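**Student:** First to last, the protein sequences are chains A and B. The opening residue of the first sequence carries number 1 in my numbering; numbering runs sequentially from there. The opening residue of the second sequence carries number 1001 in my numbering; numbering runs sequentially from there.
Some hints could be false.
To spell it out: a stretch of chain B is covered by chain A in this simulated footprint if at least three of its residues, at any positions, have a beta carbon under 8 Å from a beta carbon of chain A; those stretches are [stated by the list, open to error]:
{"no.": "1", "segment": "1023-1031"}
{"no.": "2", "segment": "1050-1064"}
{"no.": "3", "segment": "1099-1112"}
{"no.": "4", "segment": "1130-1139"}
{"no.": "5", "segment": "1175-1184"}
{"no.": "6", "segment": "1215-1224"}
A partial selection of chain B residues facing chain A, derived with a Cβ cut-off under 8 Å [to be verified]:
{"no.": "7", "residue": "Arg1013"}
{"no.": "8", "residue": "Thr1016"}
{"no.": "9", "residue": "Arg1020"}
{"no.": "10", "residue": "Thr1042"}
{"no.": "11", "residue": "Ala1047"}
{"no.": "12", "residue": "Thr1116"}
{"no.": "13", "residue": "Ala1117"}
{"no.": "14", "residue": "Pro1250"}
{"no.": "15", "residue": "Glu1251"}
{"no.": "16", "residue": "Ile1255"}
Computed from the model, here is a short list of chain A residues facing chain B with C-beta under 7 Å [what the hints assert, rightly or not]:
{"no.": "17", "residue": "Ile15"}
{"no.": "18", "residue": "Ile43"}
{"no.": "19", "residue": "Thr91"}
{"no.": "20", "residue": "Ile104"}
{"no.": "21", "residue": "Glu105"}
{"no.": "22", "residue": "Thr106"}
{"no.": "23", "residue": "Gly123"}
{"no.": "24", "residue": "Arg158"}
{"no.": "25", "residue": "Trp191"}
Just so you know, these hints were derived from the structure itself, not from any lab. Just so it is clear, the structure is predicted and the values come from calculations on it, not from any experiment. The beta-carbon is built from N, C-alpha and C at its ideal position, and this holds for glycine as well.
Number of protein chains: 2
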Amino acid sequence: MLTFIGLGLYDERSITVEGREALASANRAAAEFYTSHLVGATIDELASYHDLDIDVRDRAGVEQEPDDLLGAAEDEHVAFLTAGDTMISTTHVDLRLRAIERGIETRVIHGVTAQTAASGLTGLQNYRFGKAVTLPFPYAHGAGGVPQSVVDSIEANRERGLHTLVYLDIKAEREEYMTADVAAEMLADGWTDALGVAVARAGSPEPTVAADRLSVLADREFGEPLHLLVIPGDLHHVESDALATLGGAPEDVLIKNEV
Amino acid sequence: MLTFIGLGLYDERSITVEGREALASANRAAAEFYTSHLVGATIDELASYHDLDIDVRDRAGVEQEPDDLLGAAEDEHVAFLTAGDTMISTTHVDLRLRAIERGIETRVIHGVTAQTAASGLTGLQNYRFGKAVTLPFPYAHGAGGVPQSVVDSIEANRERGLHTLVYLDIKAEREEYMTADVAAEMLADGWTDALGVAVARAGSPEPTVAADRLSVLADREFGEPLHLLVIPGDLHHVESDALATLGGAPEDVLIKNEV
């Protein structure tokens, strides 16, 4: 049996009780932390908390050489761990499909996602978000600035009055994380006066939420990773109140988005 | 202090470890289960598992008369519980803003959402979902069939190749839940041959995923609640493989959505 478990957003206690119990019943555990990782707990802390060894795999160890894992899952209960939710990466889905092909029973235990936290911490309503985007490091996509596909998605959402969650690039293996001020500066090129909301350390005991013009957010600092950025669309009145109270948004900035 | 805790999707073990610990340290707990509720645990089971009384409130008790709760939170640690994630309803956001106005420290502990589970269980990639919609019972919105706003949102997502998560109406107080076959039948009026994915009991140990034409899903049954429906947009190849393997989607139906 192969159980995919999302560890949640921050540390060893972000997992669900169900996930923890499934992990306790597993004979062995593997993990990948190259698509994302927990900033609030080291792998040793995680292993010690759950009292088991965690076989941390690189991309090749998951995508090209998962055979030993799948072989073990034919006879034993193997847990496969990821930060945030599981199945966020196509790699996880692919691994699950390969397991099913081999006749292995699979199960998915969900974890809290950044999307959930972005909505929960800002007071922006979850059903008013459009398609999410990822803002890559400029060097990573081979052309300076913001990729046209990101611009197009944000514009398409804005035209429909929808909020956009902007995931910020992570190179987990190099511990390189795009910060919300850098992202705000990149996006302020196109939308200087537009309202943005920076969210730092979602899922931690001390998250930060700051709402202001993108050009203003670009000059601030939001501390330790991980960061997210939200570009709000139209604001209903409770959303507007929330951004003022929770994120300190100035009234003259909010008023342009109010409907 | 007022801590908002999302209980997750299914039963008393769907909460995060962090949420459980926060609840253990609370002096009292209130909850609302009128916007959603846990189908896998009764209130007594929940109270017994966490070893504390839970003051379950109706809409008036949260929206019009929260003063005793807020008063208690000035001196003690009060937990406010909701099914799924917290802050999903504007009611929760409003309660948090009122607490902050009174100088009460607040904290949010996220729970797993239906959105997360819909993506995780179907293999459809989370960043390829557009705006979500809610399909109301026909009697609840005062006009037969599917509201135009729902049609417009699904169409706008399809034009951009995006998936749509369709939340199905819940009247939790009357234990009335729209099922995926009923929703598929309503939507098949407009999109008979369109691909749909029914998800039942997300977050439970035995969820069901079924992918087929809406008109075919309309004639099936998916068992106990809660149900969701997804209308996929364009499918990448791993998404298509996932719907075939996990949801039994016929190849001739999938092929129209493949890109």
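**Student:** What are the numbers of the hints the structure violates, in ascending order?
**Tutor:** Failing hints, ascending: 1, 2, 5, 6, 10, 11, 14, 15, 16, 18, 19, 20, 21, 22, 24, 25.
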